[in-house]
Amino acid sequence: MSECCSIKPEADESLAVCPECGQKGQPVLRMTVEHLLNEQALARLREGEFFFCRTPDCEVVYFSNDTGQVFTKQDVRVRVGRKEAEPPIPVCYCFDYTRERIFEEIRSTGQSSALPYITAKVKAGECSCEIKNPSGRCCLGDVKKTVQEGLASLQAQPEQAADSV
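For the sequence shown, the numbering used here assigns the number 1 to the initial residue and increments by one for each residue that follows.
Take the hints with a grain of salt, since some may be wrong.
Claimed, not checked - Below are the DSS-like pairs computed for lysine-lysine, each with C-alpha atoms no more than 25 Å apart in a straight line: (1) Lys144 to Lys24; (2) Lys123 to Lys145; (3) Lys123 to Lys73.
Worth flagging that the hints you see were computed from the coordinates, not collected in a lab.
Given the sequences, and given the hints that come with them, work out the whole structure.
Take a look at the structure:
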């Protein structure tokens, strides 16, 4: 059974600052980094404590201040959802949900089945967030936020249409 939704690696806080943007990174398992780096970047990977940079406009995805290593968006095999502005924007890497897919379902039906579906899969131990999600963490928080944004957008549309009349 996957324990992706409970990963809490221990980290030295002094090493957690992204060398590019200066923001605090999240500890990430080496296993995550190994699975998501492309071949060229993987060949450069050294032992060290790694962090995931969550800053949307920072090109850095993974960094290790104890080894001086930095891996950018170009070094990973997948699009990093929080760092993308153009579709497709991944939200759930295990079950292939994108922002666009969630928004389209909301536009079509007025709701999203993504959160209950993914929650059931996670509870069944069918997720692999620790090796598929660049953050190495469960996506449920990001999915919930995306669904809320989609619903808010849908609710704003009738108001916008009324304003333009």
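Each hint, compared with the structure:
no.	hint	result
1	Lys144 to Lys24	holds, 23 Å
2	Lys123 to Lys145	holds, 19 Å
3	Lys123 to Lys73	violated, 30 Å
Hint 3 from the list above is the single one not met by this structure.
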